[in-house]
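Input sequences plus hints: build the corresponding full structure.
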Amino acid sequence: MNFAWFVLPFSLGLFLLFILVIFKISFWVRQLPLRDRLLLNRGIFSFKIFKVIKEVIMESLLHRRIFKINPVLGFMHMSFAFGWFMLILVGNMESRLYAGTELNLPYYAIFFKYFVHQPLTIPFAEGFTFIMDFFLVLVLSGLLIALSKRIYSRVVGMKRTTKLKPFDVFAMLSLWFIFPFRLLAESMAAGMYHTGGFLTQPLGNFFAGFLPLGPLSYAMWWAYSIALGVFFVSLPYSRYMHIPTEIVLIAFRHFGIRRTKEYDMFKDVEVFSCSRCGICIDKCQLNTMAQVNTIQSAYFIKSIRKKNQQEAVVQNCLVCGRCQEFCPVGIKTDDLRLSQRMIFENREIADFHYLPQDVPVKTDILYFAGCMTHLTPSIKKAMLNILNSSGISYRFMDEDGSICCGRPLMLSGNNKDALKLMQTNKDIIRSSEAHTLVTSCPICLRVFREDYNLNINVVHHTQFIESMIAEGKISLENSGAKISYHDPCELGRGLGIYDEPRNVLSQTGVLLKNSLERKSSLCCGGSIANNQNYNLNKDKISQQVVAHLSAKEPDMIATACPLCKKSLVKYADIRVADIAELVSEQMVSNKADASRAEKKFNVESVEA
Amino acid sequence: MAKKVVVIGGGIAGMESSAYLAEMGYDVTLLEKEDCLGGHLRNWERLFPTMRLGQEVLDFLKLGVDTKVNVIRNANITKVNRIEKRFQVELDRGASFNADALLITTGYDTFDATKKEEYGYGIYDNVITSAELEKMFMEGKNIITPTGKVPKKIGIIHCVGSRDEKVGNVYCSKVCCVTAVKQAIELKEKLPEVEIYCFYMDLRMYGMHFEALYKEAQEKHAINFIRGRLSEASENMDQTVMIKVEDTLAGKPLKLSVDLLVLMVGFVPSKGTKEIGKMMGLEFGTNGFYKTKDQHTMTNVSNIQGVFFAGSCTAPKTITNTITDARAAATTVASYLESYDLEIRTKAFFQ
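Chains as they are written, first to last, in the numbering used here: chain A, 1 to 608; chain B, 1001 to 1351.
Among the hints, a few may not be true.
[To be verified] Taking beta-carbon pairs under 7 Å as the criterion, some of the chain B residues facing chain A (in silico): (1) D1059; (2) L1063; (3) K1115; (4) E1117; (5) E1118; (6) E1165; (7) G1168; (8) I1226; (9) G1228.
Simulated from the structure, these hints should not be mistaken for laboratory data. Just so it is clear, CB atoms sit at the ideal spot from N, CA and C, and this is done for glycine as well.
Laid out in structure tokens, this is it:
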């Protein structure tokens, strides 16, 4: 029996870690509704488990998504996760082959070089020694990047990395110390017994020249074990809990566990899956453009985990979805944010008894402008002109003023009041028997699509215009004007509508490329989802977005959201227009009408 | 040889300060980008609170610059060089002017009301600005709406582009409240039957006689003043304008159709102010107007030694304030050029 006292910190730490992680996972599973628990059971014994395993390898070990976003950062995460995993895997194979038994205690593989003093007698012995050193080098290279990142984050292309609290630093240091101690312990063992590989052997020989290796290596084995033990015990309480949790999250996703709007177990698993890698921090415009640097998802998620949510942090977010788009773990940060807002805001306060209950005339197509479009009447006027000239029959649902679609209330967390408004609108839409609902505002569009369960075709006006062009109901003349297009958050990242606006715009003018578009597009700053953001901060964002959109000297900026238009127009020196306005101006029939009107006027003035 | 001063901008401030500097014996060149002097004053028929003609003030200012000031019209400045303590101002047609001191009087533009889209300017025909109404007065024609009707109901909206974070202007433009009162009275005098509703946030009748004018508007002319900010305007079928506003004293939402909606547009830094400032590296304050060296004691002094400000390029000002400021700027420039002992206080700011 191989034993040394120094294995105790490692062994106890591993045992505690095992207990705590099992306890946490069983808590999540027990809290799931019955239906979801059944899904989980069924999932584990289905082919879906292979998909889970594949994604765990690709994401938890190789960190493919981080590689895509930031290769250096991806390498850092991969070297730690994959390198360490391989050290454990190959080390276990090596030790088990050597001992000729499957029943080793876990510590035997970890401290193998302490127990074995002669050259290995297993097959591919040299190969094993090489591989073990190779993966140790991989982990150490990751460590070097991690260290540089802490000193100067731009090394890995990050303007900012996550700010850490003392306990985070403690857990991080215990992780960092594991590998240098392992290197020293194994090198010294190699120095004494010639058991090392391409890294540990020369280093061991070097140490042997001037150091008393016997007592020193024993101390290093202790240090190595203590670092491991400390890391294991601190893991469940630190951000490193993301390592086991991400596997649970991946399983939940593949097994189809349901998400709700409230803070549920799915969201709790997401919270523990956050590694605070900090990718969200640089993506947040409140940080990069308005110097608000305490509210980003990494910090916000930590505050949920610590049950220390501050209303000012929860509410101070544009809910633009940029961080969510780039989260390597795929955490739905927007949903998480809104679920927390419900804690503060979800109370019935409003009385909507005054809302009109009149039933509109039956129609096939309903047009809903929304309150923001009423505040940007040129969009409304343009849309009505397009609809009227196309000859289709439609009804203007909110001609005399809108009943709010409910999304502003939902964005502030007040879902209860939102539901009352939504019911009123739903009744109007249902009783009209329309098969298509057209909106000009992406904010309304999103809630109509995601929360109304209308079972009819709900489209944004850019989509409707595109289909009208395709059907030949309207035709456009290209003005040749250079256009810079701004993707609205709710339309783009929110609903994935990227192509239709571009298709329509490229028929009214020349669409310019822009380095931050589609899913990387910037938020205009005017988001109604943020009630903590002072106008000064919004303005800082809007100004920089306008500068970005104007960089290629376009003739105009086009967008597809009345709120974006309002935010951008404030600081633009060039025209800012909704796509509907440009379409209305470039309609061929419209042009003909205009020139006819002009001629008629000329005739009259001559006569006069 | 007399020291040289170049004054940039031939509005009220530029004209009055040029007149004083020339009379003090300096060689003054006044550069004006348009082909005549007077700036915005040329567009205002009558002035508050006296209702005298703007032309009378213009004539007074012209007398000051007629003889001793070298007036250059259609001047388009392309470059300003600084050579040690002197300046050289270059124009696009090749001319250039040397100066021992520069006085910037580039003034303001009226707020572009299309930026406040919910008020419908540029979208609905019967929404006009206070400047356009004044033009109607100036031309002396009958008051009719852009769609050709004699208005029976007129809405006047205060604070358009002023005190409004939503358009990025948080400051008060100072002249619009009393302009609204003045224009309402004039409308009422021309169309005694018309109903006029002024929508205000609060009425800033700070000037001498402003309050009296406001009282006259209510008592003599029965003009309605309603406290509340316009939320949105829309167009009715007959092209009248429907306005939605909350009467914040009665605590009731209000809908009203008017034949004509007049927007009291505020001050923004003029295009020239922005261009000259960027060209020379002059400091701008948070509101976009020039930043003066000290808000209380150095109101005509810029961040560049030898460059001074007068008039509404530093903040919105009434005509009275502008004339006073122009004369103050003239003495500040003279004090600098003559190195009066008082200048020690100014120079301390540049060390």
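Each hint tested on the structure:
1. With a least beta-carbon distance of about 37 Å to chain A, the hint placing B/D1059 at the interface is violated under the 7 Å criterion.
2. A distance limit of 7 Å between C-beta atoms decides the matter here; for B/L1063 the minimum to chain A is near 39 Å, and the interface restraint is violated.
3. Proximity of B/K1115 to chain A holds as hinted, the smallest CB-CB distance being about 6 Å (cut-off 7 Å).
4. At its closest, the beta carbon of B/E1117 sits 5 Å from a beta carbon of chain A; the interface hint therefore holds under the 7 Å criterion.
5. Using the Cβ-Cβ criterion of 7 Å, the hint placing B/E1118 at the interface with chain A is satisfied: the shortest such distance is roughly 4 Å.
6. Below 7 Å, beta-carbon pairs count as interface contacts, and B/E1165 has one with chain A at about 4 Å; its hint therefore holds.
7. Given the 7 Å rule on beta carbons, the hint for B/G1168 holds: about 5 Å separates it from the nearest Cβ of chain A.
8. Among the interface hints, the one on B/I1226 is violated; its C-beta lies about 20 Å from the nearest C-beta in chain A, farther than the 7 Å criterion.
9. Because the smallest distance between the Cβ of B/G1228 and any Cβ of chain A comes to about 17 Å, over 7 Å, the interface hint for this residue is violated.
Consistency with the previously given hints fails for numbers 1, 2, 8, 9, ordered from lowest to highest.
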